[in-house]
Amino acid sequence: MHLLAPETSKDRSFWTEAPDGAAVHKFSPDQSSTQPSPTALLALAPSMDHLDALEAQSIYIFREAFARLKKLALLWSLGKDSNVMIWLARKAFFGHMPFPALHVDTGKKFPEMYAFRDRYGKEWQLDLRIEPCPPLETIDPTLPPAARSAARKTEGLKLALAKYGFDGLVAGIRRDEEATRAKERVFSPRGTEGGWDVRDQPPEFWDQFNASPPPGAHLRIHPILHWTEADIWAYTKRENIPIIPLYLANGGKRYRSLGDRDITNPVVSNAASIEEILIELDGTKVPERSGRALDHETEDAFERLRVAGYL
Amino acid sequence: MLVPTSISATPNGTTRPQVRIVIVGHVDHGKSTLVGRLLHETGSLPEGKLEMLKAVSARRGMPFEWSFLLDALQTERDQGITIDTTQIRFRTGSRDIVLIDAPGHAEFLRNMITGASQADGAVLIIDALEGVRDQTRRHGYLLHLLGVKQVAVVVNKMDRVDFSADRFNEISDEISAHLTDLGVTPTAVIPISARDGDGVAERTPRTRWYQGPTVVEALDALEPARPLEALALRLPVQAIYKFDDRRIVAGRIESGHLAAGDEIVIMPAGKIAKIKTVESWPLTPVQGKQGAGRSVGITLDRELFVERGDVISHTGASPRDTRRLRARIFWLHDKPLANGEQILVRLGTRESRATVVRIEKAVDPGELSSIENESIAKNHVGEIDISLAQPIAADSYSDNPRTGRLVIEVAGRIAGGGLVLSVDAGQRAVPIDIVPAESALRPDERSARYRHNGAVVWLTGLPGSGKSTLARALERRLFGNGGSPILLDGDTLRAGLNGDLGFSAADRTENIRRLAEVATHLARNGHIAIVAAVSPSREDRAAARRIADTAFREVYVATPAEVCESRDPKGHYAKARAGALKAFTGIGNDYQPPASSELTIDTSARSVSDAADEIERMLAKTGILFDELVDLAANI
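Residue numbers (the working numbering), protein chains in the order written: chain P, 328 to 638; chain D, 1313 to 1948.
Simulated from the structure, these hints should not be mistaken for laboratory data. Backbone N, C-alpha and C fix where the C-beta goes; we use that ideal spot for every residue, glycine too. Hints are supplied without guarantee of correctness; some may be wrong.
Derived contacts from chain D toward chain P, CB cut-off under 10 Å, selection only [to be verified]:
{"id": "1", "residue": "THR1426"}
{"id": "2", "residue": "ARG1620"}
{"id": "3", "residue": "ALA1785"}
Using the sequences and the accompanying hints, generate a full structural model.
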């Protein structure tokens, strides 16, 4: 819905209103009788648009996480959201990402995703850690098939946590993705098993975050929780962030969300560019994750996975 | 989380303000029903969602309820209450609304606060049948404390009172009075039936007596929060980065704006510098002004000690540096907040240990009766004075809403929060043209060497009670352990610094003030100032405690008067008895013994060495002398 159409840049009011008039009063009387010089006007702060505001908030969250936790890692799923996150981290830390990018690998991603990982892991100078998931046979057989397959990631994540001892994991979830995610905090404590206690979440307000997980637990940090799918695309376009081509329509279909090959389906679409994706999103009422099989298997499959530590 | 200015762009190129709202009120007064109805009326439901939920209801053998739309969690459906903040988006005529559904169950007040703290405006919902309830009042009060100024009141379930205008007016008057008392003026009071749809998006004949806006119209009139560009610059420091050859001070501009070349002051230390560059990535450096809401990084023109928690402002418009605050807070922790409690305060990016030194006007905002001054119970509000372990930079909320609010943490978890009513609790202001030079050493550098924190050990008692003897013994003891004690003897200082002062009440007060100021300066620099002074006036000693604040340790040397007189080391008692010494404390009975000193010692009953031991133990117990065991435990 927050479509950044090409003509929007014209609409951006470039000058602040200078509400206190202070900036205006700086001109001496003889200058004020003529037009202020362009350089004098440039001294006013440009106002922030919607994407600027989202970006500033995410940067603030990244810096808080880095300041308050000892051992952070960013969960890189290779998708559009986590690519935006890496971009934001590099903005927050002036070109660097001062903690590892963790890819919990099911081994079942699309070849285009692996190619993307290998290229940008190097190009963005990431400290990339690739951790494989355990075999499917070790996962709870009472879960429906797609949920079970996806729950392998939970186990892979637990293994990575045990191996490196991260106390904070940066994850690219958004409130608008799915109703249960709407209940997330920005800093969200997880139990030793990675579990999420929905009922016992501490209050979080005024950008003051609960950053002291109990011993053995870790924190999930959600820097783009307040973004929407359209925000992600508009920002990706504005910042020229590279994307995996599977997101763009090919033969009348495209992927809105990328997961494992066997449980992710494309949607019908002719959107072959980010601009077209944004126009498409503005008119749609179909949930983003509708291409993900697991959400529809049972009423509570998604919530069961959340509680178990699945993202 | 507060996302500042929000203009979202639409395909036709117009910009629509984004407004974040919260719906609050008593449990079962119809919040979820209203949300479900709003989503339907504004055409915002995902395809198939309504049908899916109707099918689920049928399968469970329950009639469909609008509130089911929000009950996405299995647990909620089981209990029939919504348990946390949900964010849902829809559009009115000219606004993009982000709706935060905050629950009404009393147990989940912390969730209501989490949601409402992010809102530009609020809808307070009241059941027409039940009327204003305690949770209605409580939520109204919290909206005020959270700084939410735009509040629309909705009187729901009008169908249950036959759309009675009288009943509506009764409720409208009661809630309007409550909100107005808090300084909140309702933007509208709207009669509706969320279940049937009256008053939500359309006026129906059943409320023809009502002339005001519908809920959708009221939402359409809300204004988004704006970044605080018009206020003075406040840049709380998040971190200092040295990833490359740049030393970047990073933070978010909470108010005002900055640019390269600006002269700034770093508070609370008061150090002055100029902004050399404003850094950014991938482009750097940035030209021009950066305004409130931006996350920025700056470099300075000189090497200064800057740390997380400092606040950068422009010279001449800096926040106050203080160790004492008064705040109006809400309390969310199971254990009540009691007077004397040790807490952790977070204000901006600064964290500081602190002590609650006074509690007033503690009350349940739902009842607003039985005010108490001892503790603040869970879900109650109150005013507290906080004494901070270190100086911090702060504003009052009325001066700057962003740097004038704080949260309180207990055991690593946010337990409350509130607005700063005043900074320094009535103590004198520091003239802004005085810029104190800071020591080159940080307090922790000294304390690491001395193995103690700075302190003012204030020995009070009658002449001849043994203060000076004890002070000297303590000085020797602390020095022998590698510490840095400094003796400030009342008589010795009267010979020089206080040579202009006599023994009138006013001069005695000034004498004590100077002693306290000098001692506090030493304590702030890591020394233990041992003050030996009769200091007979309770009020003067209280003033000394205010100056030294958390560093103050009062020792009452309570040797009986007749023992003091028999000792008479300086021959004062004899002179006074002979009438040669006027205004001598001891004979005249004008000594006011302390009511609550940290320690009381009768030197007639114990040796000097025992008494010094006891003072040492008190200093260790109250955090001045480092205890190796405690140190070790803190590192575990």
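Hint-by-hint comparison with the structure:
no.: 1; hint: THR1426; result: holds (5 Å)
no.: 2; hint: ARG1620; result: holds (6 Å)
no.: 3; hint: ALA1785; result: violated (43 Å)
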